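Visitor: Numbering (my numbering) for the sequence shown: 1 to 431.
Incorrect hints may appear among the rest.
Below 30 Å or equal to it, Euclidean Cα-Cα: the simulated DSBU-like pairs (lysine-lysine) are [what the hints assert, rightly or not]:
#1 Lys66 to Lys193
#2 Lys329 to Lys315
#3 Lys218 to Lys134
#4 Lys288 to Lys329
#5 Lys134 to Lys328
#6 Lys288 to Lys328
#7 Lys329 to Lys373
#8 Lys299 to Lys315
#9 Lys134 to Lys227
#10 Lys299 to Lys355
#11 Lys315 to Lys271
#12 Lys329 to Lys358
#13 Lys271 to Lys134
#14 Lys288 to Lys218
#15 Lys299 to Lys328
#16 Lys134 to Lys329
#17 Lys218 to Lys164
#18 Lys227 to Lys329
#19 Lys218 to Lys193
#20 Lys218 to Lys66
#21 Lys315 to Lys225
#22 Lys164 to Lys227
#23 Lys315 to Lys328
#24 Lys271 to Lys328
#25 Lys288 to Lys227
#26 Lys355 to Lys373
#27 Lys246 to Lys373
#28 Lys246 to Lys193
#29 Lys246 to Lys271
#30 Lys134 to Lys288
#31 Lys299 to Lys288
#32 Lys134 to Lys299
#33 Lys227 to Lys299
#34 Lys373 to Lys299
#35 Lys218 to Lys299
#36 Lys329 to Lys271
Estimated spans, in silico, between C-beta atoms of each pair [claimed, not checked]:
#37 Lys410 to Ala194: 51 to 57 Å
#38 Trp61 to Arg228: 33 to 39 Å
#39 Pro287 to Ala52: 40 to 46 Å
#40 Asn402 to Tyr361: 52 to 58 Å
Honestly, the hints are just simulated from the structure, not real lab data. Every value quoted in this text rests on a predicted model; they were computed, and no experiment measured them. The C-beta atom is built at its ideal place from N, Cα and C for all residues, glycine as well.
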Amino acid sequence: MSVLLDTNEGSQHLLMGNEAIARGALEAGVKVAAGYPGTPSSEIIESLARVADDANMYVEWSVNEKLAMEVAAAASFAELRSICVMKQNGVNVASDFLLHLAGSGTRGGMVLIPCDDPGALSSINEGESRFFAKTVEIPLIEPGDFQEAKDMTKWAFELSEELKQVVMLRSVTRLSHASGNVTFGTLPTDEPKARFRCDGFVLDPDEGVVISAPVGYKHGQQHEKLKRVREIFEDSPFNTYEGPEKPELLIITSSACTLYSREAISILGVKDRVGLLKLGTTWPLPPKLLTRYLSLTEKILIVEEVLPFMEENVKVIAAETASEIGIKKFYGKNDGSIPMVGELNPDHVINAIAKILKIDYLPRPEEYSARAKGLAFFGAPQRELLFCPGCPHRASFWSIHNAIELDGRKGFVCGDIGCYTMALLPTGFST
Numbered sequence: 001m002s003v004l005l006d007t008n009e010g011s012q013h014l015l016m017g018n019e020a021i022a023r024g025a026l027e028a029g030v031k032v033a034a035g036y037p038g039t040p041s042s043e044i045i046e047s048l049a050r051v052a053d054d055a056n057m058y059v060e061w062s063v064n065e066k067l068a069m070e071v072a073a074a075a076s077f078a079e080l081r082s083i084c085v086m087k088q089n090g091v092n093v094a095s096d097f098l099l100h101l102a103g104s105g106t107r108g109g110m111v112l113i114p115c116d117d118p119g120a121l122s123s124i125n126e127g128e129s130r131f132f133a134k135t136v137e138i139p140l141i142e143p144g145d146f147q148e149a150k151d152m153t154k155w156a157f158e159l160s161e162e163l164k165q166v167v168m169l170r171s172v173t174r175l176s177h178a179s180g181n182v183t184f185g186t187l188p189t190d191e192p193k194a195r196f197r198c199d200g201f202v203l204d205p206d207e208g209v210v211i212s213a214p215v216g217y218k219h220g221q222q223h224e225k226l227k228r229v230r231e232i233f234e235d236s237p238f239n240t241y242e243g244p245e246k247p248e249l250l251i252i253t254s255s256a257c258t259l260y261s262r263e264a265i266s267i268l269g270v271k272d273r274v275g276l277l278k279l280g281t282t283w284p285l286p287p288k289l290l291t292r293y294l295s296l297t298e299k300i301l302i303v304e305e306v307l308p309f310m311e312e313n314v315k316v317i318a319a320e321t322a323s324e325i326g327i328k329k330f331y332g333k334n335d336g337s338i339p340m341v342g343e344l345n346p347d348h349v350i351n352a353i354a355k356i357l358k359i360d361y362l363p364r365p366e367e368y369s370a371r372a373k374g375l376a377f378f379g380a381p382q383r384e385l386l387f388c389p390g391c392p393h394r395a396s397f398w399s400i401h402n403a404i405e406l407d408g409r410k411g412f413v414c415g416d417i418g419c420y421t422m423a424l425l426p427t428g429f430s431t
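Let the sequences and hints guide you as you build the complete structure.
Guide: Below you can see the structure in the form of structure tokens.
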């Protein structure tokens, strides 16, 4: 039996981040899971599919992300807990329905899990899913390690049911595809039954028609939910601070960047000078919590990947409370302290801290770096991009390539989303 179904509370297992998310969903009693495959998200649905029979749940790969969200929403409307999984590109596909779902609200706990790909390690863009949470006005939470990936997933269902709203839990490649120790909680033993009502008063969220109209009323309800979630986020245990009472520099970060920031502080030996505020609840931001820590220092460094989502939202709070906390100096993406594109690593954070605090830091002699690059270039074999072992696409492109060659005319091949792009490489027979 899969370790994901281990019933021993307190047991520890080495899990991939996506497996930890799947375990969190199981501990929450998820009954329906739907998604569309795409790295780095695929293992969540795959992990749940392997235990679906034993866990008495329904799991499917849907035709596309929009339909996956509709399947999950249908389960939620029937008072069952459900998740919808996709990579960052898929949120674009599902956004039309997501906007209406945010307006209508949910019943059973429903969690949307997009897995972003900073650096486009397995994608053709660095699409950002965080802005969708703000646009459609739903809560956004982001685990910073493997234990949180499990715990926050479970909490997301509870939050969803309290608010009667879909909750977005965002992961990234370096969390989804890395591994770490995870301590298990309990698995539920009850078996909820589907129950759908739509014959009650039209504005009754539990028994009325599931619809985002009347728009004025429902949109107002959304804002009441956001007001409530701000209060919840103020006391969330997933927002943590470590560092001195009066830091010279405050780092505000989230997700995998928490690990990079913590390592950078340790390497530079500035734990007594730099404070680290890790946010697990990134939309809406908890204003009182942020105001409290922004008041500790004049210098603020925002560490996040791709677009300056947190940076811009933190600045709004800083501007609104300037009379209370004073004028702050912000460092991040907009001033070039943190790269605007690509994934981050500890070196990026080290360089930013060293520049702000005027620390002379050289990780290794320049001549060493140059020599290492030279040896790697000439001594290490080059590895081309490859299809996964056993992937049927390679045989398909071999057949297409041969058919075009036999025909004798020039032809071209159009591909759908996914790995088909690699057909243009030698591994795909340069089709």
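Visitor: Now tell me if each hint is right for this structure.
Guide: To see whether the hints hold, each was checked on the structure:
A threshold of 30 Å between alpha carbons decides the hint, and for Lys66 with Lys193 the separation of about 25 Å falls inside it, so the pair holds. Using a Cα cut-off of 30 Å, the hinted pair Lys329 and Lys315 holds, with the two alpha carbons roughly 10 Å apart. Taking the CA atoms of Lys218 and Lys134, the gap is about 17 Å. The hint holds against a cut of 30 Å. Taking the CA atoms of Lys288 and Lys329, the gap is about 19 Å. The hint holds against a cut of 30 Å.
As the CA atoms of Lys134 and Lys328 are separated by approximately 24 Å, the hinted pair is consistent with the 30 Å bound. Taking the CA atoms of Lys288 and Lys328, the gap is near 16 Å; set against the 30 Å cutoff, the hint holds. Of the supplied pair hints, the one linking Lys329 and Lys373 is violated, its CA atoms being roughly 37 Å apart against a limit of 30 Å. With a C-alpha separation of about 12 Å, the suggested pair Lys299 and Lys315 falls inside the 30 Å cut-off, and the hint holds.
Taking the CA atoms of Lys134 and Lys227, the gap is about 13 Å. The hint holds against a cut of 30 Å. A threshold of 30 Å between alpha carbons decides the hint, and for Lys299 with Lys355 the separation of about 12 Å falls inside it, so the pair holds. With a C-alpha separation of about 25 Å, the suggested pair Lys315 and Lys271 falls inside the 30 Å cut-off, and the hint holds. Using a Cα cut-off of 30 Å, the hinted pair Lys329 and Lys358 holds, with the two alpha carbons roughly 15 Å apart.
About 33 Å separates the Cα atoms of Lys271 and Lys134, which puts this hinted pair outside 30 Å; it is violated. Simply put, Lys288 and Lys218 have alpha-carbon atoms about 27 Å apart, close enough for the 30 Å limit, and the pair holds. Taken as a hint, the Lys299 and Lys328 pair is honoured in the structure, with Cα atoms around 6 Å apart against an allowance of 30 Å. With a CA separation close to 25 Å, the supplied pair Lys134 and Lys329 stays within the 30 Å bound.
The straight-line distance between the Cα atoms of Lys218 and Lys164 is roughly 12 Å, inside the 30 Å bound, and the hint therefore holds. With a CA separation close to 28 Å, the supplied pair Lys227 and Lys329 stays within the 30 Å bound. Restraint check for Lys218 and Lys193: the C-alpha separation of about 27 Å stays at or below 30 Å, so the hint holds. A hinted pair counts as satisfied when its Cα atoms are at most 30 Å apart, and Lys218 with Lys66 qualifies at roughly 22 Å.
As the CA atoms of Lys315 and Lys225 are separated by approximately 23 Å, the hinted pair is consistent with the 30 Å bound. For the proposed pair Lys164 and Lys227, the alpha carbon gap of about 13 Å is at most 30 Å, so the pair holds. At most 30 Å may separate the alpha-carbon atoms for a hinted pair to count; Lys315 and Lys328 meet this at roughly 9 Å. Between Lys271 and Lys328 the CA atoms are separated by roughly 21 Å; this keeps the pair inside 30 Å, and the hint holds.
Proximity of Lys288 to Lys227 is assessed by CA-CA distance (about 13 Å); at most 30 Å being required, the pair is judged to hold. Only pairs whose Cα atoms come within 30 Å are accepted, and Lys355 paired with Lys373 is accepted, the gap being roughly 25 Å. Among the hinted pairs, Lys246 with Lys373 is inconsistent with the structure: their alpha-carbon atoms are about 41 Å apart, more than 30 Å. A hinted pair counts as satisfied when its Cα atoms are at most 30 Å apart, and Lys246 with Lys193 does not qualify at roughly 53 Å.
Between the alpha carbons of Lys246 and Lys271 the distance comes to roughly 12 Å, so the proposed pair stays at or under 30 Å and holds. Using a Cα cut-off of 30 Å, the hinted pair Lys134 and Lys288 holds, with the two alpha carbons roughly 19 Å apart. Taken as a hint, the Lys299 and Lys288 pair is honoured in the structure, with Cα atoms around 18 Å apart against an allowance of 30 Å. Simply put, Lys134 and Lys299 have alpha-carbon atoms about 26 Å apart, close enough for the 30 Å limit, and the pair holds.
A threshold of 30 Å between alpha carbons decides the hint, and for Lys227 with Lys299 the separation of about 29 Å falls inside it, so the pair holds. Straight-line distance between C-alpha atoms of Lys373 and Lys299 comes to about 36 Å, which puts the hinted pair past the 30 Å bound. Between Lys218 and Lys299 the alpha-carbon distance is near 40 Å, which puts this suggested pair outside the 30 Å criterion. Restraint check: the Cα-Cα separation between Lys329 and Lys271 comes to about 20 Å, which is no more than 30 Å; the hinted pair holds.
At roughly 55 Å, the beta-carbon separation of Lys410 and Ala194 lies within the given 51 to 57 Å, and the hint holds. Our hint of 33 to 39 Å for Trp61 and Arg228 holds, since their Cβ atoms are close to 35 Å apart. Against the hinted window of 40 to 46 Å, the Cβ-Cβ separation of Pro287 and Ala52 comes to about 41 Å, which satisfies the hint. Between Asn402 and Tyr361 the beta carbon distance is about 56 Å. The supplied range of 52 to 58 Å therefore holds.
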